[in-house]
Amino acid sequence: MKSITRYLLPLIVIFSMLITACGGTATEAPAATESVETQPPSQATEVSAGGTSECPAGVEGTTIEMWSPFTGPDGDEMTALAERFSSENPCGITVTHVAQPEYQQKLEAAAAAGGLPSMTAVHATRIAALVSRNVLKPFGPEAMAVFGDDFGSDFPEGLWSVGEIKGARYSIPLDVHPLIMFYNKDLFEKAGIEVPGKEPWTREQFEDALAKLEASKVTPLTLGNAFQAAALFQALIRQYGGSLTDAAGVTATYNSEAGVKALEKIKELKDKYSPEIAGTGDPEVNAFKQGNVGMTFHGPWWISDLEKLEFVGFAPLPTIGDSPATWGGSHHLALTTEDSTTQAAAAVWIKWLSDNSSGWAAAGQVPARQSVRDDPNLASVAGPISQVAESANMVALPTQAAGLEGALWDQFGPAIDTYLAGDVTDAQAALDEANAKSQQVMEENIETYGD
Amino acid sequence: MVKKGKSLSVPATRKARKKVSIVPYLFIAPHLLFFTAFLAWPFFYGIYISLFKFDFLRPEKRPFVGLKNYAELFDPKSVPFDDFWNGLSNTGEFILWSVLPLVGIALVLAVLLNRNYPGRGIFRTIFFAPYTLSVTVASVLWWWIFQGQGGLVNNILKGIGMNPPNWLGDMPGAWIAITIATVWWTIGFNTIIFLTALQEIPKSLYEAASIDGANSQQQFMLITVPMLRSVLVFVLTITLIASANLFGQPYLMTGGGPAEGTQTVIYRIFIEGIQRSQMGRAAAMSIFVALLLLSLTYLNFKFFGSTQEE
Chain A
1 MKSITRYLLP LIVIFSMLIT ACGGTATEAP AATESVETQP PSQATEVSAG GTSECPAGVE
61 GTTIEMWSPF TGPDGDEMTA LAERFSSENP CGITVTHVAQ PEYQQKLEAA AAAGGLPSMT
121 AVHATRIAAL VSRNVLKPFG PEAMAVFGDD FGSDFPEGLW SVGEIKGARY SIPLDVHPLI
181 MFYNKDLFEK AGIEVPGKEP WTREQFEDAL AKLEASKVTP LTLGNAFQAA ALFQALIRQY
241 GGSLTDAAGV TATYNSEAGV KALEKIKELK DKYSPEIAGT GDPEVNAFKQ GNVGMTFHGP
301 WWISDLEKLE FVGFAPLPTI GDSPATWGGS HHLALTTEDS TTQAAAAVWI KWLSDNSSGW
361 AAAGQVPARQ SVRDDPNLAS VAGPISQVAE SANMVALPTQ AAGLEGALWD QFGPAIDTYL
421 AGDVTDAQAA LDEANAKSQQ VMEENIETYG D
Chain B
1001 MVKKGKSLSV PATRKARKKV SIVPYLFIAP HLLFFTAFLA WPFFYGIYIS LFKFDFLRPE
1061 KRPFVGLKNY AELFDPKSVP FDDFWNGLSN TGEFILWSVL PLVGIALVLA VLLNRNYPGR
1121 GIFRTIFFAP YTLSVTVASV LWWWIFQGQG GLVNNILKGI GMNPPNWLGD MPGAWIAITI
1181 ATVWWTIGFN TIIFLTALQE IPKSLYEAAS IDGANSQQQF MLITVPMLRS VLVFVLTITL
1241 IASANLFGQP YLMTGGGPAE GTQTVIYRIF IEGIQRSQMG RAAAMSIFVA LLLLSLTYLN
1301 FKFFGSTQEE
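These protein sequence lines are chains A and B, in that order. By the numbering used here, the letter at position 379 of the first sequence is numbered 379, and the numbering carries on one by one without gaps. Just remember that the numbering used here sits 1000 ahead of the position in the second sequence, which is counted from 1.
Just so you know, not all the hints are guaranteed correct.
From the derived model, a few chain A residues whose C-beta atoms are all more than 10 Å from chain B [unchecked claim]:
(1) Y273
(2) L306
(3) T337
Here chain B is said to cover these stretches of chain A; the calculated rule only asks that three of the stretch's residues, wherever they fall, bring their Cβ under 8 Å from a Cβ of chain B [what the hints assert, rightly or not]:
(4) 107 to 113
(5) 121 to 134
(6) 285 to 294
(7) 408 to 422
(8) 438 to 447
Keep in mind that the hints were calculated from the coordinates and are not lab data. Keep in mind that this is a model prediction, so the values were computed, not measured. Quick reminder that beta carbons are idealized off the backbone N, C-alpha and C, glycines included.
All chains, full assembly: derive it from the sequences and hints.
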């Protein structure tokens, strides 16, 4: 036996060294090739379109590698923006954009293996966990200087504040993706409904439209379950004056009266106006696309697809409850390096991208900045987005706490589906049970990630 | 395997033992290396992780918790209890759905493919072909076929005037869809194993039986099945284990729904470990499931695998 171990041990050691060595090169190699491919043409000295700020010291020649979860057509849009910036910026900064499928896992594996890029796009709800887990690094003074003092005042307050944790800035909001309304222009016209404008419909307008659609013998709307129902629930609970948690994000409160009203309202709309639809893969939108449905509610990532259909119009989520509000997610830009020069160079790019986020709107996202949304140019670059831009002010992101979104959604999601399927009939009891479970998971998260 | 004869004498054996040759170890070394790196090491590291509250990105907060991660799985008041046992019972349900068709249909297919007719090779290829696809391709394909809005199955059902069920969003439709997708995707593997085993059965047995007047059904029950017994146990065991590892199909086809009804235990482990970063707990769940499968396999061999005749 001894002789076996004598040969085996060194072999295992050598083998494991080989594996780690391979891992290291594998993560670095794509970065190297990417940057070669997207080297800016050196003669590009034309004036930049976005009015770039002055260049921080030492950023000349810096290469910023940015990762994102944008694996669809939006990824191509981001790559094009990165290339435009690389050729236009007067500071000699090069940005390479790499869209990563299975994004969360890639980012975490890279963090563990020491192969993180310079910066990354992240979902707003994940910032706290990624900060606690040492993936994101705060913006240092050099980077903050690039933005100037009142940069934050151009963003909706709730959107800007989620990027700040314990007094340090960890992210800059890029966009909002709110739950919006898609409607069928032809059917609306036939039913005698005035097409919605940029302001959300009032409840009277919404109910009137449902009645008219019903009278004109078409399916008024499609409501499914899964994502759509869960997002609508989160929108309606706020429309009825409630919220998922208390302000500090430590107590789950969605079994409130507003929560029950929201859930019962979805069930009522679904039973009364929608055909039976359920399942993943957004069947409610697929049904709407067939052209005989008045309206449906979903995310703006559908816009690039639906835009191709002549009859589709876009509007903010109507007021179904008492006051306008909607659900929404948000992409933020965050740093994964502590090097102050790289940070400053990344900040120049982030600021440029933010200034030019009407270009990003073309990819189907609502720009986070008020000034960009107010820009009359937005309508020509991204017509549908300008129709729903008001939604950005109707969104309230959950309080920034590690794992909070999962703690809530993983519990109320199935509860909503069970209730909508008719397997349980007591909305209050269904939400009570889910709420208690959320509370338990939230307490565990606080124990895990709290100080 | 021991050679009979004078060489078996005691001193000679001792002498041989002293002189250990490195050659056999070199032969198994490549396999052993990969086995160690990708099976043995992760397995033991998994046991180690399961004793901690473990997050690989937070080495500074990694308290040793002993057997707490295991104890939680049996404490109805703990955070993971409901979801874990829901996942386990869903996995059990899928095993009930899938194992019989996966073994039964494979056996029938193998018998059919073992006959002599033109184009036999083509059919063998066709039935095995889906197995070479990835889980993603197979699942997305069947998602498209079963999905409610414009999916193939429901379009046909509507066409013949039926009110089609909501396959992926309802029970038992979701299990039926997942089972059909899985059978289509993996049946080729079991079929090939049965086919090889069938070809090992001596033709003379069938000839003798047919001379004695046994019809083909009797031949199947009295010759084929008994002769396949050990292979059957093997196929049953690997099918059981494969079914217990169900993850990709519900992940892609139903998202674990409706209402977590197809969220299997592996799916749950994925959520705990990868999405919630509770890797210690996920490791404990994995070990528990592994032990469960081990005992199932043991029972399987004990009850069906006794080979007294041999």
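How the hints compare with the structure:
1. Y273: holds, 17 Å
2. L306: holds, 14 Å
3. T337: The claim stands: A:T337 keeps its Cβ more than 10 Å from every Cβ of chain B (closest is about 16 Å).
4. 107 to 113: Held - the stretch 107 to 113 of chain A has 3 residues with a Cβ nearer than 8 Å to chain B, which meets the minimum of three.
5. 121 to 134: It holds, with 4 qualifying residues against the three required.
6. 285 to 294: holds (count 3)
7. 408 to 422: Since 6 is at least three, the answer is holds.
8. 438 to 447: Result for this restraint: holds, n = 3.
Consistency note: the structure conflicts with none of the earlier hints.
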